[in-house]
Amino acid sequence: MQARPRVTACFFGEGAVAEGEFHESMNLAALWRLPVLFLCENNLYAMGTALARSESETNLCLKASSYEIPAWSVDGMDVLAVEDAARRAVLAVREGGPLFLELRTYRFRAHSMFDPQLYREKSEVEAWKQRDPIPAFAARARACGCLAEGDEAKIEEEVAAEVAAAIEFAAAGTLEPVEELARHVYFEGPAQ
Amino acid sequence: MTPERVKLSFREAFRLGLRDALLRDERVFLMGEDVGRYGGSYAVSHGLLAEFGPERIRDTPLSESAFVGAGIGAALGGLRPIVEIMTVNFSLLALDQILNSAATLSHMSGGQLHVPLVIRMATGAGRQLAAQHSHSLEGWYAHIPGLRVVAPATLEDARGMLASALADPDPVLIFEHARLYPIEGELAGDAGAVPLGGAALRRTGRDVSLIAYGGTLDRALEAAALLAAEGIEAEVLDLRSLRPLDEVAILATVARTHRVVIADEGWRSGSLSAEVAARIAEHALGELDGPIRRVCSAEVPIPYPKHLEDAALPQSARIAAAARELVGRRG
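So the protein lines, in turn, are chains A and B. Using my numbering, read the first sequence as starting at 1 and increasing by one per residue. Using my numbering, read the second sequence as starting at 193 and increasing by one per residue.
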């Protein structure tokens with residue numbers, strides 16, 4: 001309504017596809033041709049519930065298509081494929097309204113600290129780890145000469161240092177004062 | 193020069209408020225089920241589509257959660273949406289959006305986000321629409337921090353609360369009692385915005401306080417008239433705002449009359465009337481010359497047959513009887 005040249009990227013997992021909200025949103029976005037890019041990270045498990053245990057139709061793109069929304073599926077373990085698809089998807093949304101992009105991926109680790117992962121085989125996890133997107137991308141970068149010898153270790157070190165610095169910063173910070181518990185329940189003025 | 197008073201219905205007063213808001217601010221738009229071509233399920237928005245067009249008077253699919261969510265997004269994005277939910281009963285389909293997003297984002301973001309969203313919905317019984325269209329759940333919403341909840345019970349408030357709700361930076365829920373829509377009265381021709389907060393004394397009296405809101409205000413005023421004929425002077429306090437509650441006004445009326453009857457169309461257990469009673473008990477127990485009385489809806493799904501619906505609701509005769517019994521019990 002404000003005619004702004006913006007695209008909203010909306011991320012959710014394949015588990016959310018079972019929510020009524022997903023279907024209401026697909027319909028409304030298509031009906032009003034809203035500039036929304038729906039990005040579904042399909043990692044095959046909603047916490048511990050496998051896709052086939054929660055969906056009668058496991059082809060997620062078919063669901064989006066049924067709302068007249070273009071739907072693409074891409075290998076979510078392939079960094080370049082995701083980058084390319086996302087770039088084309090944003091252009092398509094600007095041109096013609098909502099688009100659904102399924103990113104087929106996997107979660108290597110437990111859902112949370114309280115998840116003993118009873119719902120899947122270790123061999124399945126190991127098989128997916130062979131397709132880890134970071135080493136795969138590094139190998140391709142090396143192969144095309146974009147990543148020089150020693151660069152990868154250097155990047156790993158930089159990332160580790162950044163994470164360590166963030167942890168240190170957070171640990172050195174002060175906790176929110178308890179006296180401010182009830183602040184911001186209602187608007188208090190323009191954000192600083 | 194005193195402005196001329198005009199005769200109009202609650203429905204028309206709500207519509208005047210909507211029209212004003214749409215004329216005054218281009219960021220304002222109305223969306224909901226059947227607000228456009230149908231003219232509003234209770235005909236409140238009749239004629240607005242022709243005047244303001246389909247962009248600003250927006251019919252939605254039957255998708256309460258999605259269009260309330262869209263309203264939250266629009267509010268975050270700088271617009272001033274008015275979302276109409278056909279009845280409070282259907283708002284339960286959007287409760288996740290209202291509670292987990294609209295009411296919560298400001299606190300969760302440390303004040304970086306705020307949601308200037310207005311949601312209007314019909315509430316209450318009395319039109320033989322049966323259980324799935326007749327409940328009074330506004331007390332549930334009054335439980336939620338982050339929301340403002342108002343219940344217009346006069347033409348002035350029906351006309352004027354919307355402007356203040358739109359000016360408020362937080363989500364505001366306006367509960368319009370469905371029984372009031374066709375009721376007519378007089379309103380000043382120049383009536384405009386009224387503040388959201390603050391209860392209003394609609395009648396003064398020394399013997400007993402009748403505390404009411406929304407659909408129970410006219411019942412309480414009728415009860416006060418019945419009592420007056422018997423020589424009992426009842427004070428009638430209209431809460432107007434259910435969250436926050438005007439505790440000062442509630443305690444002040446109790447301090448004047450020392451007897452209180454609370455009329456609430458919600459079910460008694462865990463109701464808004466329970467909250468009002470608890471506030472009085474916490475802060476003014478010593479002022480009371482008798483127990484706090486409550487007149488609420490029977491704890492049943494509101495029935496369809498008229499005689500049963502009438503029997504289920506807090507009617508003026510029941511409010512008057514509760515007051516009479518209290519006054520008879522001299523402290």
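By construction, these hints were calculated from the structure, which means they are not laboratory data. It cannot be assumed that every hint is accurate.
Unchecked claim - The list that follows gives simulated cross-link-like pairs (lysine to any residue, SDA-like), each with its CA atoms no further than 25 angstroms apart:
id	chain 1	residue 1	chain 2	residue 2
1	A	Lys-63	B	Asp-251
2	B	Lys-199	B	Glu-479
3	A	Lys-63	B	Leu-254
4	A	Lys-63	B	Gly-265
5	A	Lys-63	B	Asp-288
Verification of the supplied hints:
Distance restraint check for Lys-63(A) and Asp-251(B): the Cα-Cα separation of roughly 24 angstroms lies within the 25 angstroms cut-off, and the hinted pair is therefore satisfied. Taking the CA atoms of Lys-199(B) and Glu-479(B), the gap is about 41 angstroms. The hint is violated against a cut of 25 angstroms. Restraint check: the Cα-Cα separation between Lys-63(A) and Leu-254(B) comes to about 19 angstroms, which is no more than 25 angstroms; the hinted pair holds. About 24 angstroms separates the Cα atoms of Lys-63(A) and Gly-265(B), which keeps this hinted pair within 25 angstroms; it holds.
Of the supplied pair hints, the one linking Lys-63(A) and Asp-288(B) holds, its CA atoms being roughly 23 angstroms apart against a limit of 25 angstroms.
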